[in-house]
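First to last, the sequence lines map onto chains A and B. Under this note's numbering, think of the first position of the first sequence as 701, with each following residue one higher. Under this note's numbering, think of the first position of the second sequence as 837, with each following residue one higher.
Incorrect hints may have been included.
Claimed, not checked - DSS-like cross-link-like pairs, simulated, lysine-lysine; straight-line CA separation at most 27 Å:
id: 1; chain 1: B; residue 1: 892; chain 2: B; residue 2: 998
id: 2; chain 1: B; residue 1: 998; chain 2: A; residue 2: 770
id: 3; chain 1: A; residue 1: 770; chain 2: B; residue 2: 838
id: 4; chain 1: B; residue 1: 977; chain 2: B; residue 2: 1014
id: 5; chain 1: B; residue 1: 971; chain 2: B; residue 2: 925
id: 6; chain 1: A; residue 1: 792; chain 2: A; residue 2: 853
id: 7; chain 1: B; residue 1: 892; chain 2: B; residue 2: 838
id: 8; chain 1: B; residue 1: 1014; chain 2: B; residue 2: 892
id: 9; chain 1: B; residue 1: 892; chain 2: A; residue 2: 710
Worth flagging that the hints you see were computed from the coordinates, not collected in a lab.
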Amino acid sequence: MPVTFEVNGKPVSVEVEPRLTLADCLRHHLRLTGTHVGCEHGICGSCTVLVDGAAVRSCLILAVQAEDTKVVTVEGLSRDEGLTPLQASFRKHHALQCGFCTPGMITTAHALLSEEPDCDADRVREVLSGNLCRCTGYIPIIEAVLEARAAYKRGGNGA
Amino acid sequence: MKLPPFEYACPTTVAEAVALLASHDGEAKPLAGGQSLVPMLAFRIASPALLVDLRKLAELRQIKIGQDGVSLGAMVRWRDILDDERLAKAHPLLVAAVEHVAHYQIRNRGTVGGSLAHADPAAELPGMVITCDAKIVAVGKSGTRTIDAASFFQGPLITALKPDEIISEIRFPAWQAKRRFGFEEFARRRGDFALAAAMLFYDEDGGKARNAHVGAIGVADRPLRLPAVEQVLNGKAVDEAVIAEADAAASASVDPADDIHASGAYRKALVGVMVERALRRAAA
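Could you build all of it, start to finish, from the sequences and the hints given here?
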């Protein structure tokens, strides 16, 4: 069935089976492969995207449910040139190794910092507890998100 | 894995949703936030012929607070409860419970109606409706009926709902000012399903507890009330001796099975500790 929504600021219209998840729609139909699919059942957080500004797991949403929404993927949180403050903070703190979980970490952290730029380390830990990382041991990720707060506090969106 | 094939409908009225469910003879499922149902599909535990998406039913998204209590529309999300500042006063135990529900991204999608209809024995809201004597309003082809929480849960993932019924509303009785309460949960990681949790409240009369309500999750095939613990509390001042007695009564009330997450003996001990901690919080 047809579904129309907005991805990273651009309107898209795709023909999908009802059973197609938003994650697979983004990757296979729209070639936005930055969204990673880890567990396919809502445990790992790698596929996190923003739907109408809220961080959600795109493997637990059907593409047809995205009708009329605004979706932002990790591609929508980068610039053509140079790094965003959040990306720069991840690099500085070595907050990734293999990078598989990173799209989910970035989208989740962006949603958190946009809503709560004053969040403390406990809050960052609680929010990121829904995202699995098998490389870093998490501490560098927490540090990266904490440092990126400054860019969001200044009224910027960090992205 | 990838989801099994199904048809999809997105009705704009409750009546239309019910008609769609009724016309599929048990082969259709309502889709609320999808945070339990979509994993069930991914595991191929569920394979309905039709999903009836409730997302356009705006009348199911309301939180109403009045003298007769708190009413949650079935499509109210965890996020909506935590964002509603009125609830801190109108039902603080509900807020305390919801703080333990799932992870950040799930809370942006998961709904209260979905949680009850899914009926996981370790989920927080099923325990809360049992503990608080809430009522569950369901709409089906033969009309609207109100189901007592006590008779709603019939086993793991099994409820009193008929295949053509959807939950429209959950009604919590009014919360009394100065009521004492506690919610304590143990999970290996906050946001995961509880290994065990206890939720309780009581009112006080001359320093003594009365009207005690105590419930537990994660220790049986459905959420439980613990009347033996309520009996320990009613009519007594909640002191160290009573707390110890309540802990023992809670453990003695349950007989959990072993599973991959924990042994039955561990959960049996744990539920006592959860009751003890919840009581300490309540009495503080």
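Hints and how they fare:
no., hint, verdict
1, B:892 with B:998, "holds, 22 Å"
2, B:998 with A:770, "violated, 35 Å"
3, A:770 with B:838, "holds, 24 Å"
4, B:977 with B:1014, "violated, 42 Å"
5, B:971 with B:925, "holds, 20 Å"
6, A:792 with A:853, "holds, 19 Å"
7, B:892 with B:838, "holds, 25 Å"
8, B:1014 with B:892, "violated, 39 Å"
9, B:892 with A:710, "holds, 24 Å"
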